[in-house]
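Assembly of the complex is requested from the two constituent chains, each provided in isolation within its own frame, with the hints serving as guidance.
What follows is each chain in one-letter form.
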Amino acid sequence: MAVNLKRSSQGPQRISRRSLLAWITGAGLVGSAGLSVLSNLVFIKPRVAYGQPQRFSIGKPDDFPVGTPRIILEQRRICVVRDGNRMAAVSTTCTHLGCIVGLSDTGFACPCHGSRFDQDGQVTGGPAPRALPWFKLSLAPNGELEVDKDTEVTPGSYLTL
Amino acid sequence: MSEQTPNPTSLWAAVKGLPGNLWHSVFRNPLPANDLERSATSFTNFFLHIHPVKVHKNTLRPGYTLGLGLISSFLFVILVATGILLMFYYVPSTTQAYDRMLDLRGTVAFGPILRNMHRWSAHAMVAAVFMHMCRVFFTGSYKKPREFNWVIGVVLFLLTLLLSFTGYLLPWDQLAFWAITVGTAIAGYAPVIGKDIQFLLMGGTSVGQEALLRFYVLHVAVLPAVLTLVVAIHFWRIRKDGGLSRPAEADPTPPMELMAGPDPKPVELKAKKIYGIQGLVRGPLTKVNNIPDNTVFSWPNLLIAELFTFIMTLSVILVLALLFNAPLEEPVNIMHPPNPAKAPWYFLGLQEMVSYSAFWGGIGVPGVYVLLLIFTPYLDRSPKGVGKWFSRDRLLANTIFLTFVLANVIFVIIGTFFRGPNWSFVTPW
Chain A
0 MAVNLKRSSQ GPQRISRRSL LAWITGAGLV GSAGLSVLSN LVFIKPRVAY GQPQRFSIGK
60 PDDFPVGTPR IILEQRRICV VRDGNRMAAV STTCTHLGCI VGLSDTGFAC PCHGSRFDQD
120 GQVTGGPAPR ALPWFKLSLA PNGELEVDKD TEVTPGSYLT L
Chain B
0 MSEQTPNPTS LWAAVKGLPG NLWHSVFRNP LPANDLERSA TSFTNFFLHI HPVKVHKNTL
60 RPGYTLGLGL ISSFLFVILV ATGILLMFYY VPSTTQAYDR MLDLRGTVAF GPILRNMHRW
120 SAHAMVAAVF MHMCRVFFTG SYKKPREFNW VIGVVLFLLT LLLSFTGYLL PWDQLAFWAI
180 TVGTAIAGYA PVIGKDIQFL LMGGTSVGQE ALLRFYVLHV AVLPAVLTLV VAIHFWRIRK
240 DGGLSRPAEA DPTPPMELMA GPDPKPVELK AKKIYGIQGL VRGPLTKVNN IPDNTVFSWP
300 NLLIAELFTF IMTLSVILVL ALLFNAPLEE PVNIMHPPNP AKAPWYFLGL QEMVSYSAFW
360 GGIGVPGVYV LLLIFTPYLD RSPKGVGKWF SRDRLLANTI FLTFVLANVI FVIIGTFFRG
420 PNWSFVTPW
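Top line first, the protein sequences correspond to chains A and B. All residue numbers for the first sequence refer to numbering that gives the first Met the number 0, where the first residue is 0 and numbers rise by one. All residue numbers for the second sequence refer to numbering that gives the first Met the number 0, where the first residue is 0 and numbers rise by one.
The hints are simulated quantities; they were obtained by calculation from the structure and are not laboratory data. Take every hint as true, because none was put in to throw you off.
Derived DEER-like restraints, expressed as beta-carbon distance ranges: (1) A/Arg16 <-> B/Ala224: 37 to 43 angstroms; (2) A/Glu73 <-> B/Leu395: 51 to 57 angstroms; (3) B/Gly366 <-> A/Tyr49: 30 to 36 angstroms; (4) B/Cys133 <-> A/Pro128: 33 to 39 angstroms; (5) B/Gly363 <-> A/Leu37: 24 to 30 angstroms; (6) B/Asp195 <-> A/Leu34: 17 to 23 angstroms; (7) A/Tyr49 <-> B/Leu378: 47 to 53 angstroms; (8) B/His335 <-> A/Pro128: 20 to 26 angstroms; (9) A/Arg46 <-> B/Ile412: 44 to 50 angstroms; (10) B/Val191 <-> A/Leu160: 43 to 49 angstroms; (11) A/Leu37 <-> B/Gly419: 44 to 50 angstroms; (12) A/Ile43 <-> B/Glu248: 52 to 58 angstroms; (13) B/Trp428 <-> A/Leu37: 55 to 61 angstroms.
Even glycine gets a Cβ: it sits at the ideal position worked out from N, Cα and C.
Chain B with its partners taken away, still in its complex shape (with noise of 0.2 angstroms):
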């Protein structure tokens, strides 16, 4: 920054400049020391500028969000991590995919410890995502300017489960196998286009190599490539519905006024003035005049926040590799289905509604929860109880969510525990 050279072009003073030269060209900002410099740096810095320079103190309240959907992403980080590395060792080949599984766990350097973490993240990815969805019902956060991130959210909880659902086939073990058949056999059920996306998934008329192959390539490009993008846009639409949703009487004062109407003109930049750098937002958090601030920088603020998030959550996922082992079960045996023949748990509530009947539990009933999710935040239109859990102005809507929230758990809490041989009654003790 502030290099005194006599004669800048001279080839000595840029050998000594060099080191400095070369960080400053990297890093345009100092180590920040004030406020401004927060800002600037937030804004310039690229890995920074997906936060906002200030946020609301009560994104920060850890009772208010519980961190879960930082946790949701920080698996999907996990994840792909994981996942890269045992892509160096994994064939998708139903005479290979299996002993590779074995390799992984028998010869090859943290092999194991990298699978465990990859099965446990995506568990937990799995809860962590569907936490999140009622973490944002109960606090009636899916509601105006927010309806449409909630359905993305709707989105990337279902992309969740595709990835885990094409993920636990590649082992190529008695369970991969039979849920791939019985997946794609539920597909099969849908109207009219059913059966051509049965065939379009398994590649064929049974289940074998070509299925294999489809569902690695979903597993490994196509569906993390369109979550990316997905959670990306979701991410984005934080910001721009104005940060995370909160009570009304978290900002007392005058509503925010936009700086902008609604026919924005250009702003003329003068040299001679200056602008502060939140002036040149545009937005619901931009303040006018001595409006008070419940704002702080996210630098350090959020930043550490963060942090602390993504340290507990790969504590957690490397505390579950080293004491559990991720399962695998016999290799595939064509003729014989486990008895009884179990998914992973979360889907354990689907195969208990399928074993009533395969459209309605399979198709009929998960589509209209979708369409019901989808559709909540334009069929509850009033405003109130934003930003509280459990808001007594909610208390119709929250009975309804956790209604069918404690459905969906009996039945896994059925098929899970409830199940024996032949898909028959038992009790577990």
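Next comes chain A alone, as it looks inside the complex (with noise of 0.2 angstroms):
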């Protein structure tokens, strides 16, 4: 130990083997620790989500009269709407916290937090952050109207009949 302390009071600073070492093994061991919390977070994060699938039919435009100008579709999470030739699909699941919003007579209602929508889906009320989307809504070849969920649309672009 005398002898390191001389010389480094002395010379350029060196560092002894025994510390060269020390630092090594250490920062292996902090390396393979932050390792293995990384390869347990990789763990616990899954490869593959189940759910339902994201784009589907929900039969011809028929189905929807245009006398009921919203039908709910609770399965799917989205309202239909018709209005005349013109048709949309909007989501019910709240911009909030993702509870499931009703309709009301202004629009849709939340009963978790109390946001309300109107009937295009803009915030009206409560802590609700964004409009309701507004998914893309399409005729499939076969007459049935196909629903994409991962494709959002401007609130107000309707499909045409």
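Okay, structure coming up:
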């Protein structure tokens, strides 16, 4: 030890073999601890998620009569809007914290935290940060309506039959 | 102890001495008759050595601590015991969980009372831990040298909330499903890593079987293990930080000296010298010379107080469990949240705040609360007013804390009584 101290006080700073090995060992231990934490995170992150398909058919346009302008498909969590020969699919999942909004006189209302939306899904009250998204609605070649929940469209863009 | 066996190796002597030898190998000390034997028993018994040999009289004043820390830990013991029993009949499956709840209510012997005990203990533990935190604050007990134990206490409070949150999802009733939906969505609002945490908690993109399994594992394995470890550190620190806090005038004479200086020399034990058992203990409680002793022996004083607290806690929970059934809502209907969808009372303040803004109510304000709580002992460095309820020297700190407590109580009351369908404001009368 004494020799080491003497050296470091005279010449350029030198690292002793012992402390170099200690540093390498320490870095190795910390590194492997970090790697094992990381691999645990990778482990608990599922690679395959199960759920409903995001693109699905909801039936023929005639299934949604002009007389009832809004029909909620509960399983799909969408509301099918029919306005004359125009149709659209609006999400019923609240943009606040994921509850299911229900129909109200003025549009949609969320039972969990009181968010309110108008007929087009625009926020009119409560804590919701965004409007209810509109999903792409298209007419498949077999004459059935197809909803794509992965593709949002600007609110107000209807599918004209 | 005093076998007069002429020939210790003879088989007959061994057989004759068997009961006694067996007994004394398990219990190293006789039932203590004097103080020295009490000290020896406290030191050598695994279950007793968590206690100090002697405690300060102030520690035993019921009006000072209200026994809230002990009550919290006993509630945890009850929760572990009843929880393990419930695990024998529970299956964390979305198709079976609710039926298992009905089985517990209908066909399992003692099922209803076990479930009721587990539920009411969980509610009581949230309340007891919170009141314990209030007690520690209002008596200024988080001050030096107990700062870090206060931080550990804050962590324990959060763990208690997490345990109760993960627990009430398991029945897979309406409350469970919508609470997990909302709870994981709140996590999703956390900056940067929020969405990843949400995905890890749900084990997928929507709430379902994976989420139930994950919350089950958290509830019965991960969180209890972490809580047990942290509680052990909490208890350990009480001892090492000099026992429970007390007013400065509780020990009128010169400050207690540490036995060892900054550079303790190894204690040399000589064969002839007799050390008192206390003499070997380093720390703030070691007495030097003739300082008046304000401590009493833990055996029996502390033990009797603990036994009394335990029996009272267990009795209250038993009576509650016999009188009131734990709620069980309708089975999950993923299409219809109940209206209004309300969390248990202790989360209704949070739900009320979330109804103004998801980020600020669910992440921002609670996050600031937790940070403020954690840094309290490092911001308030004044050594005055320790060990007294509502000390005049702590008027400002106590007023601020009380304001926060009252604000949250008001939020809970609004959420409980003044919110109706679609979370709109209603009057309860």
